[in-house]
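**Student:** Sequence:
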Amino acid sequence: MRSRKLRSDPISIPQPPSVASDPPPISAIRTERLTLRPFTPADADAAFDAITPSLTRFLAFDPPPSHAAFETVWRRWLVTIADRTDLVFVIRHGGTGLFIGLSGVHATLSPEPELGIWISETEQGKGYGREAVRAVATWAATVFSPQAFRYPVAEANAASRRIAESLCGTVIAREATPKFASVVYRIPSPRP
60 MRSRKLRSDP ISIPQPPSVA SDPPPISAIR TERLTLRPFT PADADAAFDA
110 ITPSLTRFLA FDPPPSHAAF ETVWRRWLVT IADRTDLVFV IRHGGTGLFI
160 GLSGVHATLS PEPELGIWIS ETEQGKGYGR EAVRAVATWA ATVFSPQAFR
210 YPVAEANAAS RRIAESLCGT VIAREATPKF ASVVYRIPSP RP
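Residue numbering for the sequence shown is 60 to 251, as defined by this note's numbering.
Rather than coming from a laboratory, the hints here were simulated on the basis of the structure.
Note that the structure is predicted; figures quoted are calculated from it, not measured.
Where a beta carbon is used, it is the ideal one built from N, C-alpha and C, also for glycine.
Possibly wrong hints are sitting among the right ones.
[Claimed, not checked] Derived lysine to aspartate or glutamate pairs resembling DMTMM-like cross-links, with alpha carbons at most 25 Å apart:
| hint | residue 1 | residue 2 |
| --- | --- | --- |
| 1 | Lys238 | Glu173 |
| 2 | Lys185 | Asp104 |
| 3 | Lys238 | Glu214 |
[Unchecked claim] Label pairs and their in silico Cβ distance ranges:
| hint | residue 1 | residue 2 | range |
| --- | --- | --- | --- |
| 4 | Ile231 | Pro100 | 17 to 23 Å |
| 5 | Gln206 | Leu157 | 23 to 29 Å |
| 6 | Glu130 | Ile231 | 31 to 37 Å |
Could you put the whole structure together from the sequences, leaning on the hints where they help?
**Tutor:** Given below as structure tokens:
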């Protein structure tokens with residue numbers, strides 16, 4: 060399998076005020092086809108429009124009922140992105156800027172942070188999910204040095220399970236959620 064090089068360009072993200080030792084801005088993550096950047100308010104409309112009932116059938120949440128309800132969610136993301144405890148990246152096509160989806164690294168300070176992904180229905184089946192999760196895991200391994208990553212997924216979501224398995228993930232647990240039965244993969248931390 061061919062190795063993909065990641066490039067990083069700095070991007071400013073909101074930082075908490077009055078913090079003497081603010082970390083440097085999170086750089087964009089670039090792959091052969093994608094650019095992943097921390098979520099900003101400018102991404103809200105594209106993300107909201109892509110969150111459909113059929114998209115969320117395998118996700119832990121349901122579509123927000125309104126832009127205002129979604130704003131409550133993404134404003135919390137800005138705080139956790141700024142303090143680097145929970146990161147949400149917007150996935151865009153590197154050439155066109157087309158919105159593709161969101162990827163996340165959650166509980167970043169734990170020994171095994173959690174990876175997450177969703178891809179807009181119009182962009183599914185093109186390998187973007189695998190490319191984005193691999194890029195985020197590689198970046199997070201460099202920044203946070205975790206032992207491994209957790210990757211929970213609906214048991215019936217074969218495409219997402221293939222992403223975990225392509226990253227050498229193994230099932231370590233089965234869980235029941237209010238919406239579906241899920242499995243949790245443990246993905247080894249990539250070494251740069």
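**Student:** Next step is simple, just say for each hint if it's right about the structure.
**Tutor:** Comparing the hints with the structure gives:
1. Lys238 <-> Glu173: holds (19 Å)
2. Lys185 <-> Asp104: holds (23 Å)
3. Lys238 <-> Glu214: holds (11 Å)
4. Ile231 <-> Pro100: 17 to 23 Å: violated (36 Å)
5. Gln206 <-> Leu157: 23 to 29 Å: violated (35 Å)
6. Glu130 <-> Ile231: 31 to 37 Å: Holds - the Cβ-Cβ distance for Glu130 and Ile231, about 35 Å, lies within 31 to 37 Å.
Of the hints listed earlier, those the structure fails to meet are numbers 4, 5, in rising order.
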